[in-house]
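Take a look at the letters that make up each chain.
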Amino acid sequence: MSTPGIKSRPAATPIDILPTDAARLYTHIHPALVLSLYALRFNAIVADPVPALLQTLIPLSTLQTAYVTICLPPTAGSGSSTPAVVPKTAKKRAGGAAKATSDSNTAKIVPALLSLILSLLAITPLTGITLILFGAPITTHFAHTFLAAAHIAILAFLPLVYVLGVDGERWREVVGLLLPVDEVVGGMVGTLVGAWAGAVPIPLDWDREWQKWPVTIVTGAYAGYALGKLAGGLVFKGRKIMFD
Amino acid sequence: MGVRANSLFLTTANLILPASILIFAAAFFPYKPFLPGLAKYEDIGYGAPPSAPFDKVIFMVVDALRSDFVYSEKSGFKFTQSLISSGAAIPFTAHATSPTITMPRVKAITTGSIPSFLDVILNFAESDTTSTLAHQDTWLAQLKAKEGGKLVMYGDDTWLKLFPDTFSRADGTSSFFVSDFTEVDNNVTRHVPGELLNSDWNAMIMHYLGLDHIGHKAGPNSPNMIPKQIEMDGIVQQIYDAIEGETHLENALFVLAGDHGMNDGGNHGGSAPGETSPALVFISPKLKTITNGVECPITPRQEFDYYTKIEQSDIAPTLAGLLGFPVPLNNLGVFIPDFLQFWDQGTDRAQILLGNARQIKNIVQATFPNADFEYDQSDIPVTCAGLSTGDELACKWRKNLHIVATYDEEFVAEIGLNSLLEFCRKAQDVMSSTASNYDVSRLLVGCAIAFVSVVLTLLSMIKSLSKPTSTGVFFALALLLYGIMMFASSYVEEEQHFWYWTTSAWFFYLFIYGSRKKEQESFALHPALMLLICVRLMRRWNQTGQKYAGAPDIVHSDFLNNPLMLWSLIGATYLATTLRLSRQVARSVSESEDDSEDGISEAHKLIGALVMMPLGFTAFLFKLGFTAKDAPELVEGMTSALLDWVDSLSLVAISRAIFWGIGGSLLWLTINEWRKSRARKGARGSGTLAAALFDFLSLFLITQTRAQNIPLHLIFRGMLFFLAHLDLTTTQITLSSLLLSHASFFALGNSNAISSIDLSNAYNGVSGYNVIAVGVLLFASNWAGPIYWASYGTLLLSAHDSDIAEASQSSQKQNKNVKSWVAAERKQLHSLAVATSLPDLNEEGSGKGEGEERLFFNHLALLTLFTATGLLAVQVACTVLRTHLFIWTVFSPKYLYAMAWGLAFHLGINVGWGSLVWWVGRW
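Which chain is which? The protein sequence lines are G and W, in order. The working numbering numbers the first residue of the first sequence as 219 and each following residue consecutively. The working numbering numbers the first residue of the second sequence as -6 and each following residue consecutively.
Hints in this document: simulated from the structure, not taken from any laboratory. Since the model is a prediction, treat every value here as computed from it, not as a measurement. Be a bit skeptical, because a hint or two may be false.
To be verified - The calculated DSS-like cross-link candidates involving lysine-lysine, where the alpha carbons are at most 30 Å apart (straight line), are:
(1) W:67 - W:154
(2) W:33 - W:137
(3) W:33 - W:419
(4) W:279 - W:510
(5) W:33 - W:139
(6) W:139 - W:279
(7) G:455 - W:460
(8) G:455 - W:510
(9) G:430 - W:540
(10) G:458 - W:33
(11) G:458 - W:302
(12) W:49 - W:392
(13) W:392 - W:419
(14) W:279 - W:137
(15) W:302 - W:67
(16) W:67 - W:210
(17) W:281 - W:49
(18) G:458 - W:210
Said to hold, decoys possible - If we take Cβ atoms under 7 Å as the criterion, some of the chain G residues that face chain W in the derived model are:
(19) 351
(20) 353
(21) 393
(22) 395
(23) 454
What the hints assert, rightly or not - Simulated DEER-style distance windows between Cβ atoms:
(24) W:363 - G:411: 56 to 66 Å
(25) G:264 - W:215: 32 to 42 Å
(26) W:568 - G:257: 54 to 64 Å
(27) W:175 - G:264: 44 to 54 Å
Glycine included, each C-beta is placed from N, C-alpha and C at the ideal position.
Starting from the given sequences, assemble the full structure and let the hints guide the process.
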């Protein structure tokens, strides 16, 4: 399994949250806030998915941006593809963050916003296509599907873009689930599995309003995100995802 | 545990499966015994039987005549509606119980009993003699037994099969091509004027199929529907005029009835309101004496619920009363009280109902032999509440006897009638519900055997269980979810979603799995992603299940219904298959041992093409000719000269030619390969015969597939290609073939409902009736996808096997030595394959020979585990939920399907055919 291409690079290490009190506290408050936001918007989303999902994107983006800014170490050269050694830089950043707060605030908000834009513009279409491959309607409900994709992208991938940047090699490891588990990877896996499992109630003959597309998928994604983040950050941290 | 013990466990597990399936089925679908002989009038103390108002019956069945087709605003039955308004006709909605298909419905109408679910199977095995009603008591038998009784019948030949030697004159029509809307009805109508002039019969039965055909073809809103209704209405008028005009018909009762309805998709078989609500109209000028008519057309109370709702079985006792013969012995119907007005005397009315009630009581008594039905003057029941079902019925009966015995005629006519009706209805209700008939201990025996089979299979694979892989976990989770799902009626109805959902996840997993392995050039073209795209196309091909039955799909899209597009795709499928067949033949003809693509000379390739092209072309021609008859709209726009020529061919002869062609070529190939393998003297061949078997099988399966589904086989071919590129491990091959078997079953338009069984290709090459041939063809046409993927799984496994064998024999030769048919597909990516599959060998068994055998053993063990566990889940669900509301509509059909999956698919295809492919793959 060791191909020459990877050998030159150090293996990825799990992401630690920033060693600040704010980070330690907020990382636990954040999933609760995200779930509360969804619970608050749930009835509106069931009633009319497209506008409600669109409006919910704004508070969700705010929450996720705040989360990464407060809790996570940003990637080194955001936007550049220099083969930066991510964990090392992250650690240095993390150490520095405690001292020079004023300087690092802008240094963190900019990559956070860039991650948001990247998640919306680059990852949402990919997620949307994946949803369609998994059976999402293609001739109808186009807006529904892509708004669900946007929610999944922001939940699952915004933190990941923030910590990994656009390093192609690391993203290859993301696709192969080769990264060590931490709360970011856990959140991503949780969101995707949750969205997939969210399809389960759709065929039931209960004739409930919330069974309609894409309510259950988005619900599964939110629940999966919270669970996955929790499990990844607390229970399975540092482990490798083994397939065989 | 030794290899031998493992084999013993697995063999036993498979051997006891059929026992479990059959024991459970025998208990779950009880064969209802019937009382033989003809009913006779009993003396019940009211003098002679009441005189009958009618002496002849004209019984006109319009197949799938749903209530709203006659009674609604949009109906074409304007004349019939005017009869209803004027009082010359009395309308009903006759509730038809599931299964709503013709044969059981005709049984219910004629005997008054509720046919058992077993009749569904018998409906398909139409020639089965156990299903005939020749020895049962029906109103036909009663009318024939009357003095001068003579019966005539025109229309659906189901009647002729059910009532052999009953009709003096008959002309049967069969519903072979549902595209026939007119001919099938004209064949009935042309007899009507003549028969109306004949006075020698006392029952004329007509059964029109055209309306049902329109439903199947284009649904209840088809533009052909109203004209057909108007045509049927015209026949009603013709008959009514004759009744008014001809003296010999003045006492004729005319009944217009549907045998069942149809759902919004135009299909039937289940228990949706549309399917269970056929119309029923009694027509005669004499009816004006008992009714002033009701408003018609009207709006229904609920959808399809018009006028008085009665049970379909009520027709038999009503005819008995109106035509003056005893109620048939096995009847569970209740005389329709509206018609009691025909008799002025209270005693006559009482006698009609009492005869009906006594006859039902006999059946109740046979069912509940311990209940006390004897009248005892000293013990008069006050209330019947709170007793067990049997005792409650007995108590109600004793109450009736008390009323009849103690009060005068006036009273009996007033109060007694209601009491009798109440008893009859209650008995009908109890006897038609099913809960009472199960032999639970035998159901449990079936479940227990299935459980033993699961345990034995687990024991046989205990070695592999000790080291779980992610594939194994995926398999276990899928199996667990599938088992749980069998307990929820919605998931049984919508089973396809489970397979699509799991298969998508599986290929996504393979994508992740693949991208872990080695540096991937491009994610976008990863074969697993290509497979995902194929699965997405596949699931959209046919919309199946209940909930979204009418939703748009590819089969009904304009894209595929464009004949040019459709036939290009079909042509491409046939061409691709034929090319592969040609290559197989060329390979076999060339005597060289070098089996790779380059080793075959051009001359041999030409020979292969020359031999196989005619077969491929004939197969294509057959499909064209068949479709021109079965679905003419799909060949629109083709030149009429071609169509005329195709039309002149005999479909039976062509399809036989195809089957002989396939069989003959295979025989020749087998002999040739066998000779080669002998010449090698024990040295391992490249197993091309297995690949040839698979290619010929696919041509057969395509022949057994509906035209619109044939392009799916092109998608399947693409999927074979991508699967071969994935370098799967053996367990992954097994799981992929299992998932695709099930996903493709539903993608081809099947579901767990009886109505989705496709009969159209079951008679290819069969003239007359041959149970075995039709059974095999029926299975092949409905299970074409599963058979295809199960065979491919074994083939891929045997290719894997020979990879290992050769890699270990002579480490790292060139591509040449790798199995040639795979090599052709793997040209670019192959070099890695041998390298990656080497480690597997070391894991999977100590000796080489043992390791090879284990591959197929593990494959079979996993498939057996799935089949046995799935079967166990369905059986337990059916046992636990046997009083569930949906037991007949959802769970019973599912069990029928589980039987087919277990017996025909698992034992026949996975084990039987799979072993054959595996064996010849090692020649």
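For this session: Given the hint that residue 33 of chain W pairs with residue 137 of chain W, test it: the Cα-Cα distance must not exceed 30 Å.
Result: Given that 30 Å is the threshold and the Cα spacing comes to 14 Å, the pair holds.
For this session: Below or equal to 30 Å on CA atoms is what counts here, so check residue 302 of chain W against residue 67 of chain W.
Result: holds (21 Å)
Problem set entry | Restraint check for residue 281 of chain W with residue 49 of chain W, where alpha carbons must lie at most 30 Å apart | holds (18 Å)
For this session: Verify the proposed pairing of residue 458 of chain G with residue 33 of chain W, using a straight-line Cα cut of 30 Å.
Result: violated (83 Å)
For this session: Look at the Cβ atoms of residue 363 of chain W and residue 411 of chain G and judge whether their distance stays inside 56 to 66 Å.
Result: 57 Å Cβ-Cβ, so the 56 to 66 Å window holds.
For this session: With chain W as the partner, please determine if residue 353 of chain G meets the hint condition of a C-beta pair closer than 7 Å.
Result: For residue 353 of chain G, the interface hint holds, since the closest Cβ of chain W sits about 6 Å away, which is under 7 Å.
For this session: State, for the Cβ atoms of residue 568 of chain W and residue 257 of chain G, whether the hinted interval 54 to 64 Å holds or is violated.
Result: holds (57 Å)
Problem set entry | Hinted pair residue 392 of chain W and residue 419 of chain W, Cα distance within 30 Å | Satisfied, since the Cα-Cα distance of roughly 14 Å is no more than 30 Å.
For this session: Could you grab the alpha-carbon distance between residue 279 of chain W and residue 137 of chain W and see if it respects the 30 Å cut-off?
Result: holds (24 Å)
Problem set entry | Distance restraint between residue 455 of chain G and residue 510 of chain W, which requires alpha-carbon spacing of 30 Å or less | This hinted pair holds, its Cα atoms lying about 23 Å apart.
Exercise. Does residue 210 of chain W lie within 30 Å of residue 67 of chain W when you go C-alpha to C-alpha?
Worked result: holds (20 Å)
Exercise. Quick one, are residue 67 of chain W and residue 154 of chain W close enough, alpha carbons at most 30 Å?
Worked result: Status violated; Cα separation ~35 Å.
Violated hints, in rising order: 1, 4, 10, 11, 12, 18, 23; the structure is consistent with all others.
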